[in-house]
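There are 4 protein chains.
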Amino acid sequence: MPEVIFSVDQSKSMRDQAVPGHNRWHPDIPAAAMVRPGDEFRLECRDWTDAQIGNNDSSNDVRDVDLSQTHMLSGPIGVEGAEPGDLLVVDILDLGPVPQQVGKVSGQGWGYTGVFAKANGGGFLTDYFPDAYKAIWDFHGGQATSRHLPGVRFTGISHPGLFGTAPSPEMLASWNRREQALIDTDPGRVPALGLPPLADNALVGTATGEMANRIAREGARTVPARENGGNHDIKNFTRGARVFYPVYVKDAKLSGADLHFSQGDGEITFCGAIEMGGFIDFHVDLIKGGMEKYGVTTNPIFMPGNVEPRYSEFMSFIGVSVDHDTDTNYYLDATVAYRRACLNAVEYLKRWGYTGEQAYLLLGSAPIEGRISGIVDIPNACCSLYLPTEIFDFDVRPNMDGPVRKDRGQCAVSS
Amino acid sequence: MPEVIFSVDQSKSMRDQAVPGHNRWHPDIPAAAMVRPGDEFRLECRDWTDAQIGNNDSSNDVRDVDLSQTHMLSGPIGVEGAEPGDLLVVDILDLGPVPQQVGKVSGQGWGYTGVFAKANGGGFLTDYFPDAYKAIWDFHGGQATSRHLPGVRFTGISHPGLFGTAPSPEMLASWNRREQALIDTDPGRVPALGLPPLADNALVGTATGEMANRIAREGARTVPARENGGNHDIKNFTRGARVFYPVYVKDAKLSGADLHFSQGDGEITFCGAIEMGGFIDFHVDLIKGGMEKYGVTTNPIFMPGNVEPRYSEFMSFIGVSVDHDTDTNYYLDATVAYRRACLNAVEYLKRWGYTGEQAYLLLGSAPIEGRISGIVDIPNACCSLYLPTEIFDFDVRPNMDGPVRKDRGQCAVSS
Amino acid sequence: MPEVIFSVDQSKSMRDQAVPGHNRWHPDIPAAAMVRPGDEFRLECRDWTDAQIGNNDSSNDVRDVDLSQTHMLSGPIGVEGAEPGDLLVVDILDLGPVPQQVGKVSGQGWGYTGVFAKANGGGFLTDYFPDAYKAIWDFHGGQATSRHLPGVRFTGISHPGLFGTAPSPEMLASWNRREQALIDTDPGRVPALGLPPLADNALVGTATGEMANRIAREGARTVPARENGGNHDIKNFTRGARVFYPVYVKDAKLSGADLHFSQGDGEITFCGAIEMGGFIDFHVDLIKGGMEKYGVTTNPIFMPGNVEPRYSEFMSFIGVSVDHDTDTNYYLDATVAYRRACLNAVEYLKRWGYTGEQAYLLLGSAPIEGRISGIVDIPNACCSLYLPTEIFDFDVRPNMDGPVRKDRGQCAVSS
Amino acid sequence: MPEVIFSVDQSKSMRDQAVPGHNRWHPDIPAAAMVRPGDEFRLECRDWTDAQIGNNDSSNDVRDVDLSQTHMLSGPIGVEGAEPGDLLVVDILDLGPVPQQVGKVSGQGWGYTGVFAKANGGGFLTDYFPDAYKAIWDFHGGQATSRHLPGVRFTGISHPGLFGTAPSPEMLASWNRREQALIDTDPGRVPALGLPPLADNALVGTATGEMANRIAREGARTVPARENGGNHDIKNFTRGARVFYPVYVKDAKLSGADLHFSQGDGEITFCGAIEMGGFIDFHVDLIKGGMEKYGVTTNPIFMPGNVEPRYSEFMSFIGVSVDHDTDTNYYLDATVAYRRACLNAVEYLKRWGYTGEQAYLLLGSAPIEGRISGIVDIPNACCSLYLPTEIFDFDVRPNMDGPVRKDRGQCAVSS
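Chains as they are written, first to last, in the working numbering: chain P, 1 to 415; chain X, 1 to 415; chain E, 1 to 415; chain U, 1 to 415.
There's no promise every hint is true.
If chains are identical, the list can't say which one is meant, so a pair holds when it fits in one copy or spans any two.
Claimed, not checked - Computed list of lysine-lysine pairs in DSBU-like fashion (alpha-carbon distance at most 35 Å, straight line):
#1 Lys12 / Lys250
#2 Lys118 / Lys288
#3 Lys406 / Lys350
#4 Lys293 / Lys406
#5 Lys293 / Lys350
No wet-lab data here; the hints were simulated from the structure.
Here chain P stands alone, though its shape is the one from the complex:
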C-alpha cells in the first residue's frame, strides 16, 4: 500500500482537516504535498459534497446539499520537475471506499445515489423528476445491492469522477469569461446555465491572507470538466487506467476526488454515481514536452483499465433528437437524443414494477453504456443506451406474454 500523502479524517469536514483541500480551481493554491516522477502514493478523499449524507430513507440531505461548496477536492499534489507543456502520466492503481482502520472511524460499507432537485441544479431528466431522491447501496466486495432497488445486483465500475491539473492564469481567465458569457444568455434560468466564481464557501487549501481572498474571488468552480480534466465523470477511469494530463503550471498540481463506486454513462441524476468517500492510489510520471509531441492541448487522453465488469447481453434503448412532449425537432442534438433514450429505458423498467424514480436512480448508477450512434443524419442525432440484463435477478428480456409487473418498493424521498 503506497504512502498516504493527503490524509482525511472522515468524521470531519474538509475545512477542518489538518491540511485542507480545495473546492475552486486556481493556479496559486499551494501544493499540499510534493511527489517525484516514478512515485506511487495514496490520497484520501471526502465524498464530493463534503456533507453528512445519511444511510436512511429520506432524501432531505440530498435535497439540501449546497453547491457552493462542491466539489471538494484533495490536493493539489505537486510533481517535481513538471513544467507547462509536459504531459503528466497518471496510473490509477487502486481506489475504493474508506477502509476500516484500527483506531479510526469504521470503514464505509455503503454509498448513495442522489437525484438533485430542479431548484438545486437538477439532473438530466429534471423536467420529469423535479424533486430530490436517494438510493442507498450496500457494498459486498466489488458488488452493490440496494434496499431501494430490489432485484438488482451488479459489479461496480469504480473510478474517480474528478481529477485534473491546475489551470494557468490565462486559462482560468478564459474559463471565467466564456462561462459568464453563457450565463448571460439566460441569467435567471433554473437550473442555472453555469456557476460563476463565488467567494462564499470557497475553500482554498493552505492559501492565506490576500492570496486566499483572491483565489476565492477568481477561482473557477469545480463542478464541470474543462481543458485540465476536471469533473469528467468518465466511468472508464477504472483501476489500471493510464491518464495523460496536460500540464499548465509549474509542478502540475494534481487535485481531485468525487470517487464513484459505480456510475452509468452520463451520470444522469447529477449525483448519479454511487458516491463515497474513500482512497485512491496513483503512480505518476512525466513526458517532457508531451503536449506538443502528441497534440494534447485541450483535454487529457487516457487508456482505460482492463478489469471493467464484463457483460455480454444487453437491453438497448434508442433516442433521437426530437422532444416528443413538445413535438419539437432539434438539429443533430445528441443531448436531446440521449435524454429520449433514457426516458425510453425508464418507461420500459416501469412496466416491470419499478417507479420512475427508481429507474432513474438505477440508470445513473449501474454500469450502463451511453453511445452516440449517429450524429450526421440530418436532422436527427441518434443515441443508444445499453443496460446489462445480468444485473437483474429476474429475466428482464421481452417475451411473448409481457412483463410480470410486481411491486418493487420505492427509493428514499423527501419529507
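For this one, chain P is given, so just place chains X, E and U on it according to the hints.
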C-alpha cells in the same frame, strides 16, 4: 440460406429493378413481398446512394452524390397479422457484401467511406473538412484494409444502417410538420437543418398513378432516424441482434438498406461507414400488443449480438462542450463535446503522419466507440471516444520519446 | 470472394470429384493447386466423413461411419517458394456451410453432432454412452438450434477442425513407428489405441500407379493431430485467426477440411462438433527460415480471431483425476480430470430434464471451454468446464428451490 | 469491510497464532468460528508455505520449503444449520494481499512465484528444470511487475487456490485408501506419486489430546484437490465468483488459504502462482438438500466473477500427446499434450532473450489460459495455451524479420 424475397440486380439502379424499392417513408407504399411470423428470408440491397461509386483514387463521385435520391431502401416487406400496437421482432441472422454468384455480376470485395462536401450535406467536422474525400477498403473475409489508410487493419462491425417500419399517416404528418418548423428557423443554412419532402427523384416502390404522386409529395425523406427506426446508424445492430420495432400500420411494412461493413459511433463523415451493396437475412416474429406491454412507443428497442469484434486496449479522447476555436461555452451539449473528442483524436493521429482527412475517414469507419460520459456537470457535457490500439500495425500508444512521424500517404481527393 | 482453387460437388463423394482430395498424410501426394505468398483463395470441403449423414431422427448413419476413409481432406495446396524450415502464415478469412449456388445443389442450412459407438472409435465418455447418437442442428445465420436439444440456442464458434502441411518422409516414418509402438501395448483394445496405415479405402489425391500404392501403404491416418498440425479440433481457429505452420516439404502442401459450425473444447463426442461440408477462405504468406527464428518445430503456433462469441456468465464444473466409479486415483492425469468435469456437467443437466445423451451432445457442440486448472498438486490434476448460461432459454443457475425438471425430448438414436 | 473472524498475525507462524489453523483435512478439527447463512465475514491467511520467503535474489528459501507442513489453512469456519447433503453457497466478495494496518506489520506489496526442485515435489516441467527458482513480483494496485522478468506487466487474476469443506469420515478413509494404492504402484518415485497422511508437522487447529493425535495420524494432506474442493488452483475463482460446495459434515466446516495474486492455468511451476499472505471476504448461504437437487456430489460447481482481466490478442501454443524427447506416443493424454504446449511456449519466449527458467515462471503466474482442445482424435490429445500479447512492453508477435533477441536478465537462483 433463406429465400430471397427482395432481389436486386447490382448492375442496375434501384429504379430499374423488376420490383423497385423506395426512398421515401409513407404508409401507402405497397408491400413488395409478404412474410409470416416465424419466417426467415433474405433481402438484397443497393448501396445507400444507388450511385456508381468507383474503386478509384478520386472522390468526385462522392462529391456528386445527389441527396434527393438517398437513402434507397429495399422493401417494404409486409408481415401477415401485424397490426398497429404490436412489436415486430426482427432477428438479424446474417449480412454481408454482394456475394459472387454464377451467371451474375461478380461479388463485391470492397467498399468505401466518404466525406461529404459542406455544400452537399457536409459531415460532423465539415467546418474543418469542407471538401469531399474517399477511402477504398478491401475486404478480407471479415477484415478490412485500405490503400488510402496504410498501417490499419480491423475486423468490421457489420450492420444495417437503416431499417424501419412504415409510419402511420398521423405520424408522417407530425414528422413533416416538426421538421419544417426546424428548417424555418434558418432556411438558408448550409448544410441545411433538415430535408423536407421532395417529389423530385422520389421512388415510391410499386405505387402508381395519383397514389404515386401523393407519396412523392408527402413522403418523408429517408435520411434521418425517427420513431419507426429509420437511419439509426447504430453500429451494434450486428449479426445475432434482435430488434423490436413498433408497428404503426397494418402488416408493419419493414424496409431498409444502407449496409455497413463497419462503422464508428457517430458515423462522423456522413458517408462514414464502409458502405456497400449486399444482402441481409432476417427472422421475424410478432409480440401482439407489445408496444403497450413494454412501453415501446417512440423508438425500437434491441438486444445487440455477441460477435462484435473484441478489443481490450484503447486510446481514448475526451471532449467537453466548449468550442475552443471561438472560445464559446455551450450548455451540456453532447454534440459539441463529441465533436471536440473527434478533433482531439484527429490531432493525435496527425502526429503519427496521417493527414487530417485520413484520420477523419478512419474515425468514421473503424469500430470506435463514442460515449456520453458526463451530461450533468453544469455547464459542460463530456464525451469520450475509444480507439482500439490493435487495429494499427505500429505501436500507437504514447511513449517517452514521442511518436515516429512517417509519411502515410493520402486518401482519395477531388479533382 | 476469393477464387475457388479446390472445388467440390457436394452431391458426390470426394473420390468422384474432378480433382480428388486425400485421406492420408504423405509427402508425395501431388499438389492439387498452386498458390503464391500473398494470395487469397477458397477451398471447398466435404463433411469429414464423406458419407451421407441424414437430416433425420436416426443415428444409424453415424453408427455406420467407416473410420478407414476419414478424415477426408481438400488439397494439397502447394505454396510457391516454400521450403523446409519456413513458417507458412495462414490467415483464416472466412468459412461457412455450403452456400446456395445457382445451378448447383442447394446450400446446407443444417449440420449434425454425433456420438460414435464404442465399437467404432467411441468418444470421450464411451464407457458411459457406448451407443451411437445424433443431434441435428438448424443454422440461423451464425446461430444454431436443434429439435433434438430444445431450450438451447447459441452462436457457433466456427472453425476448421483439421489443417496441416505435409510431413517429410522422415517425420512420416517416425509417426508410423511411434503409433504402432503404442498400439502394440494393447493390440486388441476397443476402441483401438491408434489407427495404423491402412491401404483399404485410402484416397491419395491425384497420385497414380505405384506411387499411389505406396502412399496408400505408408500414409499416416488423418484422424489425429501431429507436428504438422492435423486434426487439432481447436475451436479457436476462428475467422480472423492467423496460424503459423511449420514447413517440412517443398511447397508446404497445405491440406485440410473437417469444418465445424461450432464445437466445445475437447470435441468430446468424437464427432462432437457441429459437422458440415462447406468452404474456407485463406490468405497465405511465408516467413523464410521461420521455424528456427521462432523455435516452432513440433507444432504450429497461432493467434485466435477476435470475433468469437462473447459470454459473461457461466456454470462451471470441476473434475479431479480420480475415477469415482472404480475409486481409483490417477497421477496428475488431466484426461481423467476433464472426463469427471464432463460427467459432472452431464449430471447437472439431467436434473433439468435432458437425457444424458442430450447433455453429452450439447457439451460436444456448444462453445464450452475446457481448462486445465491445476496440474501440479500431487496426485490430483484438476480440470474445469465452462458452460455459458445465456445459451439456455430458461434460467439454468442454481436457486434455493431446485431445478424445474421438464421433459426435454431426446436426441436421434439408432434402430 | 466485513468482520475478521479468523485473524492472523503475519509476523508469526500459523502454529503460533491465538487460534491456529490446520494443514490436514479431517472431520473432527473443531470449528475456529461459527457463522450463519447470510453472513459476510473476513478470513486472514498465511502464505501457503507458512515459511519466510524473502524478497531477495536467492531461491534457497523456495528450495527448502518443507511439504510436510503445507498447505496451511485458515479455518474451519462452521456454518450454522449446515448438514450433509446441503450445498454451501460461497460468494467471494474480495481478496488481496496483507493490507497495511495501524499498529501492525506493514502491508505486503509483493509476492513470489517459485519453481520447486525435483527432489522436493518438482513442477510440471521438472524433467527440464530440476532445480529451484524464484521470481519476486511487485504489486501496483491490481498489476504486477517483476525485476526478475523485465518487459512484462499484467493485471493479476486474483483468487484463492484452496478452499473446501471438511470430508466425512468415510470420504477421508476413501481418500487415504486410494492414494496409498497409487503410491504403492511406484513407492520410490521422485517426485512422489502422492503424499500419504503424516503425523510429523501436522497442525490440527484447536484439537487437543488424543483427538489431536488421531487427526494428525489420519488427516489427509492438503496438497491436492478432491471431492470437497481443496487445492483446485482454478484461476477463475475471482472476485464476484459464487461457489457451491458439497457439505459432508455437520456445520460444513469451510477452510482454506493459498491466496494467489495471479496464476496461469495449470500453475505449472508448483508454487507457480504469485503467492501471498492476505485476506479474503466471503458471503455464505445454504441450499438445503442441494447436493441431490443439482446432482453435485463429487466436486463443487461454481460461477466465475465478471472482472477477470480482459485481453483480446493472444499468442497460442499447441501440444499433442507425444513426448518428442523420447519419441513416444501417449493415448489421449492431456497432461502430456499440455506439457508440450508449455514447452513450445518456453521455446518461443527464449527466442526473445528470456531464459528458460524465466519463461517457465512467467507461464506459471501470468493470466494464461490452458485449454483441452481435442481429446478424442485417436491417439493424440491436443491442448493449447493462450498467452496475452498485451502483457509485454514489446511486440511479441512473429514478424518477417525474426525476433530481436535481447538480454533480459535472470530470475532468482539457488546458491
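Unsatisfied constraints (hint numbers, rising):
2
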